[in-house]
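2 protein chains.
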Amino acid sequence: MSAESVWSLDPRTGERRGDAPVAVAAGPAAVDAAVRAAHAALPALADRARRSALLRAAAAQLQARSESLIAAADAETGLGTVRLTGELARTVFQLRYFADLVDRAADAGGFLDIRTDTADPGLTPPRPDLYRVQLPLGVVGVFAASNFPFAFSVPGGDTASALAAGCPVVVKAHPDHPETSELVAAALRAAAVGTGLPEGVIGLVHGFAAGPELVRHPLLSGVGFTGSSRGGRALFDLAVTRPRPIPFHGELGSVNPVLVTPAALAESAAAPEQLAAGLVGSFTLGMGQFCTKPGLVLLPAGPAGDACAKAVADATAQVPAGVLLDERMREAFLDGFAARAALSEVQTLAPAGAAGTAEAPLAVRAGVLSVPAEAALHGSHEQLLEECFGPTTVLVRYADAVEAVAVLGRMEGCLTATLHTTADDPDAPAWLGTLAAFAGRVLFGGWPTGVAVADAMQHGGPYPAATSSGTSVGGAAVQRWLRPVAFQSLPAQLHPQA
Amino acid sequence: MSAESVWSLDPRTGERRGDAPVAVAAGPAAVDAAVRAAHAALPALADRARRSALLRAAAAQLQARSESLIAAADAETGLGTVRLTGELARTVFQLRYFADLVDRAADAGGFLDIRTDTADPGLTPPRPDLYRVQLPLGVVGVFAASNFPFAFSVPGGDTASALAAGCPVVVKAHPDHPETSELVAAALRAAAVGTGLPEGVIGLVHGFAAGPELVRHPLLSGVGFTGSSRGGRALFDLAVTRPRPIPFHGELGSVNPVLVTPAALAESAAAPEQLAAGLVGSFTLGMGQFCTKPGLVLLPAGPAGDACAKAVADATAQVPAGVLLDERMREAFLDGFAARAALSEVQTLAPAGAAGTAEAPLAVRAGVLSVPAEAALHGSHEQLLEECFGPTTVLVRYADAVEAVAVLGRMEGCLTATLHTTADDPDAPAWLGTLAAFAGRVLFGGWPTGVAVADAMQHGGPYPAATSSGTSVGGAAVQRWLRPVAFQSLPAQLHPQA
Numbered sequence: 001m002s003a004e005s006v007w008s009l010d011p012r013t014g015e016r017r018g019d020a021p022v023a024v025a026a027g028p029a030a031v032d033a034a035v036r037a038a039h040a041a042l043p044a045l046a047d048r049a050r051r052s053a054l055l056r057a058a059a060a061q062l063q064a065r066s067e068s069l070i071a072a073a074d075a076e077t078g079l080g081t082v083r084l085t086g087e088l089a090r091t092v093f094q095l096r097y098f099a100d101l102v103d104r105a106a107d108a109g110g111f112l113d114i115r116t117d118t119a120d121p122g123l124t125p126p127r128p129d130l131y132r133v134q135l136p137l138g139v140v141g142v143f144a145a146s147n148f149p150f151a152f153s154v155p156g157g158d159t160a161s162a163l164a165a166g167c168p169v170v171v172k173a174h175p176d177h178p179e180t181s182e183l184v185a186a187a188l189r190a191a192a193v194g195t196g197l198p199e200g201v202i203g204l205v206h207g208f209a210a211g212p213e214l215v216r217h218p219l220l221s222g223v224g225f226t227g228s229s230r231g232g233r234a235l236f237d238l239a240v241t242r243p244r245p246i247p248f249h250g251e252l253g254s255v256n257p258v259l260v261t262p263a264a265l266a267e268s269a270a271a272p273e274q275l276a277a278g279l280v281g282s283f284t285l286g287m288g289q290f291c292t293k294p295g296l297v298l299l300p301a302g303p304a305g306d307a308c309a310k311a312v313a314d315a316t317a318q319v320p321a322g323v324l325l326d327e328r329m330r331e332a333f334l335d336g337f338a339a340r341a342a343l344s345e346v347q348t349l350a351p352a353g354a355a356g357t358a359e360a361p362l363a364v365r366a367g368v369l370s371v372p373a374e375a376a377l378h379g380s381h382e383q384l385l386e387e388c389f390g391p392t393t394v395l396v397r398y399a400d401a402v403e404a405v406a407v408l409g410r411m412e413g414c415l416t417a418t419l420h421t422t423a424d425d426p427d428a429p430a431w432l433g434t435l436a437a438f439a440g441r442v443l444f445g446g447w448p449t450g451v452a453v454a455d456a457m458q459h460g461g462p463y464p465a466a467t468s469s470g471t472s473v474g475g476a477a478v479q480r481w482l483r484p485v486a487f488q489s490l491p492a493q494l495h496p497q498a
Numbered sequence: 499m500s501a502e503s504v505w506s507l508d509p510r511t512g513e514r515r516g517d518a519p520v521a522v523a524a525g526p527a528a529v530d531a532a533v534r535a536a537h538a539a540l541p542a543l544a545d546r547a548r549r550s551a552l553l554r555a556a557a558a559q560l561q562a563r564s565e566s567l568i569a570a571a572d573a574e575t576g577l578g579t580v581r582l583t584g585e586l587a588r589t590v591f592q593l594r595y596f597a598d599l600v601d602r603a604a605d606a607g608g609f610l611d612i613r614t615d616t617a618d619p620g621l622t623p624p625r626p627d628l629y630r631v632q633l634p635l636g637v638v639g640v641f642a643a644s645n646f647p648f649a650f651s652v653p654g655g656d657t658a659s660a661l662a663a664g665c666p667v668v669v670k671a672h673p674d675h676p677e678t679s680e681l682v683a684a685a686l687r688a689a690a691v692g693t694g695l696p697e698g699v700i701g702l703v704h705g706f707a708a709g710p711e712l713v714r715h716p717l718l719s720g721v722g723f724t725g726s727s728r729g730g731r732a733l734f735d736l737a738v739t740r741p742r743p744i745p746f747h748g749e750l751g752s753v754n755p756v757l758v759t760p761a762a763l764a765e766s767a768a769a770p771e772q773l774a775a776g777l778v779g780s781f782t783l784g785m786g787q788f789c790t791k792p793g794l795v796l797l798p799a800g801p802a803g804d805a806c807a808k809a810v811a812d813a814t815a816q817v818p819a820g821v822l823l824d825e826r827m828r829e830a831f832l833d834g835f836a837a838r839a840a841l842s843e844v845q846t847l848a849p850a851g852a853a854g855t856a857e858a859p860l861a862v863r864a865g866v867l868s869v870p871a872e873a874a875l876h877g878s879h880e881q882l883l884e885e886c887f888g889p890t891t892v893l894v895r896y897a898d899a900v901e902a903v904a905v906l907g908r909m910e911g912c913l914t915a916t917l918h919t920t921a922d923d924p925d926a927p928a929w930l931g932t933l934a935a936f937a938g939r940v941l942f943g944g945w946p947t948g949v950a951v952a953d954a955m956q957h958g959g960p961y962p963a964a965t966s967s968g969t970s971v972g973g974a975a976v977q978r979w980l981r982p983v984a985f986q987s988l989p990a991q992l993h994p995q996a
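These protein sequence lines map, in sequence, to chains E and S. Residues 1 to 498 in my numbering are what the first sequence spells out, letter by letter. Residues 499 to 996 in my numbering are what the second sequence spells out, letter by letter.
Not one of these hints is a red herring.
Chain E regions said to be covered by chain S (calculated; three or more residues, Cβ under 8 Å):
id : region
1  : 83 to 94
2  : 129 to 137
3  : 436 to 446
4  : 457 to 464
Honestly, the hints are just simulated from the structure, not real lab data. For each residue, glycine too, the CB sits at the ideal point set by N, CA and C.
Whole structure, please, built from the sequences with the hints as guidance.
Quick look at the structure:
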């Protein structure tokens with residue numbers, strides 16, 4: 001059986017790009033080879049100075065190759081060079097951010113989380129001298145996301161945080177950007193070699209079957225995943241049913257509700273229109289292909305809410321049509337919108353639909369739906385409370401706080417939840433608590449798209465937003481790839497702090 | 499169908515104690531009621547001052563009732579009043595230790611792990627104001643251990659750390675000490691009521707079927723387990739295959755190898771005998787029913803090792819016979835020892851066996867086996883590298899470092915690994931690295947039984963020693979029951995630090 005070819009596709013047309021495949025799908029032997037090479041690189045990554053140098057060299061390599069990387073990514077994803085330029089800059093920043101964390105790993109608050117105890121035989125139970133530190137977990141498998149060819153893919157947060165922890169990585173490329181994946185992997189390998197590390201610290205495999213093969217590999221010790229609920233759960237199931245289960249840090253998508261209070265709409269005469277403009281900008285950003293897209297907006301019934309809804313409809317109609325990442329997503333988006341629009345009492349404020357042009361026959365238009373809260377709570381309308389990936393959102397018009405609470409109480413775990421109200425709203429603390437009960441990041445004002453790379457970031461949330469309490473963005477992301485070991489009664493000359 | 503009765507048994511005779519059952523097995527309705535009562539208590543536990551008061555009141559209640567608690571535990575477990583007095587003192591200390599952690603939760607290094615970022619719109623990506631904090635996970639299910647009726651049971655580390663985190667607890671009692679469990683639960687409930695908290699913060703259920711029922715309950719958010727590999731894995735499988743998977747922090751047992759180098763034996767003329775005395779004390783402590791029992795000792799071949807082995811045999815023969823926790827464990831111990839003793843090239847240095855008396859017909863005697871490392875490495879001898887619960891250990895006689903490394907390379911994940919060598923041994927750092935690769939706690943000298951309640955403790959290890967990277971003893975145990983939430987762009991007056 002010859003290896004299956006992997007082609008790069010043009011999302012604007014669905015056609016193959018170029019005359020030759022860009023890679024071959026990895027069979028079991030190729031996955032095994034990548035994992036073994038990564039495992040062999042584990043001792044080399046124990047040196048923190050070298051790890052930090054690797055991350056900085058990777059950032060420099062991506063910057064040096066930015067033109068060709070952005071061109072390939074745009075050709076494969078249709079996300080546009082402006083957005084991709086920003087995404088690559090973010091990715092470069094992120095690599096350097098994690099390098100800084102490695103440099104500070106042993107400091108107070110650093111990710112080695114060093115804890116010490118001195119012996120005290122008088123306690124019950126007696127206490128010996130203890131030194132607790134975090135060690136790398138082992139080889140990490142990373143599943144690249146469709147929607148961020150840089151920031152959540154080969155050189156993204158999972159890879160950067162795993163390398164920072166001292167864990168070699170094998171990335172499963174996403175089929176929506178195989179050429180970009182190859183180019184980035186080559187850049188990272190060049191960085192490894194330039195830092196005196198084996199190329200095996202970064203492996204890359206393509207093809208659907210390579211995913212399960214990777215998760216099942218006996219030498220794999222953890223998985224980072226960004227993608228769909230269905231795919232993520234299937235791989236999670238494999239990870240936890242192995243003879244030796246391994247942690248699976250999956251980010252599976254989210255509805256990201258937004259609660260707009262009457263007070264927010266009343267804050268100024270322009271408030272309804274300003275909210276509408278912000279919302280439309282957020283839910284259509286990157287053609288709505290953000291895991292943090294606001295997919296459900298609780299908007300008060302009544303004239304101010306009506307004005308806001310009308311402004312949302314008008315602004316949505318002005319959004320240029322665009323392409324989605326691939327044909328499967330396009331179908332799912334169009335079908336998902338149509339199914340929701342067909343539910344009773346659902347009103348189409350702006351119709352999503354095919355909007356092909358000669359250059360981009362697969363382009364689609366953004367759409368917005370509206371529904372009374374009472375109807376949204378029907379068992380038959382559950383789909384409205386679930387994510388529809390792509391440029392669409394649902395306005396849920398609520399009559400009073402009881403209805404809003406009822407809808408929020410039906411939310412499954414989310415990455416984000418956003419509150420729009422006034423700073424002096426006496427109910428604000430209670431609303432924040434309600435939102436924090438099911439979300440990993442709670443915003444006061446603003447919009448959830450855009451996730452800062454920061455010490456205090458949390459990108460993750462209760463299941464199904466994520467399969468663990470970890471974060472895939474920000475400083476705490478490193479903790480996912482570490483395990484603690486306590487050393488007891490080490491003599492002074494063997495003490496790591498000696 | 500009437501509820502199944504739960505009797506307290508005398509481990510010395512296997513007979514029922516008293517004329518009446520001490521509890522009834524919980525059916526689905528009783529489990530549901532306990533979990534719902536716990537869930538209803540979640541908001542009340544949000545107040546950290548009250549949580550801390552609860553833990554201190556619980557400690558005081560246990561101290562006030564210590565006489566009856568120790569009497570019941572000894573009658574049910576046969577562990578003896580000396581050991582149980584120490585265990586209860588440890589448990590009381592542990593409750594107060596976690597109360598102290600609650601009081602310091604918001605400080606630097608405290609378990610709320612507060613991280614803040616100030617807004618910086620100039621970064622790529624721009625950074626908003628962020629405040630990241632840990633929230634309680636929800637209701638925690640705790641599976642009590644057979645071998646520690648206090649310290650790893652109803653009032654033990656899992657319960658104390660979950661309450662410290664703000665999570666109400668439902669404990670599944672262990673069938674080896676149902677009466678103790680009831681008495682302790684009553685003490686904890688009295689502490690709750692005395693602190694103005696609902697009794698539901700601590701639930702207790704009995705019976706085999708209550709375990710799976712608890713793990714599957716939709717309102718359960720996490721599990722702490724201490725017990726056997728088989729039982730733990732079965733419950734882990736339930737936890738991760740739920741529609742909403744939940745974290746399962748299981749501690750499933752461990753071999754806890756000890757490496758004795760030739761240098762350690764040569765340190766003094768008395769060294770072989772001193773090592774033997776320490777080893778026998780450790781592997782027979784509590785009749786060998788410690789999860790940290792040293793179950794395999796790598797001992798050099800040659801005269802000094804022979805002298806040590808002989809001293810181990812002699813000291814073991816002097817250990818008084820005693821009872822195990824229940825008849826199932828007794829059978830497993832006797833069968834496990836006999837099966838290992840029957841393997842080729844295995845020498846019985848001290849025979850384990852039945853040693854009943856009139857008062858304790860079920861008593862057994864400790865035993866020791868010895869085997870050349872080469873034979874221990876045979877595929878047919880794998881059982882020698884697996885845990886045999888009870889008072890026995892295996893001396894593996896190795897010819898050189900290559901053989902010792904080969905045996906250690908066959909170890910599955912362990913809670914502990916111990917190195918006996920001299921402080922100036924140039925190979926000590928390499929040995930420590932070898933042991934840390936598969937263990938959660940690495941000891942330089944000493945013996946692994948006895949786990950200090952301390953900030954820097956790690957009680958857990960790679961699978962199958964544990965099913966997560968958490969620890970069930972020490973300060974970091976609280977982290978298992980928390981999840982992070984980031985609040986973004988909170989106005990000053992709503993900021994938690996305001």
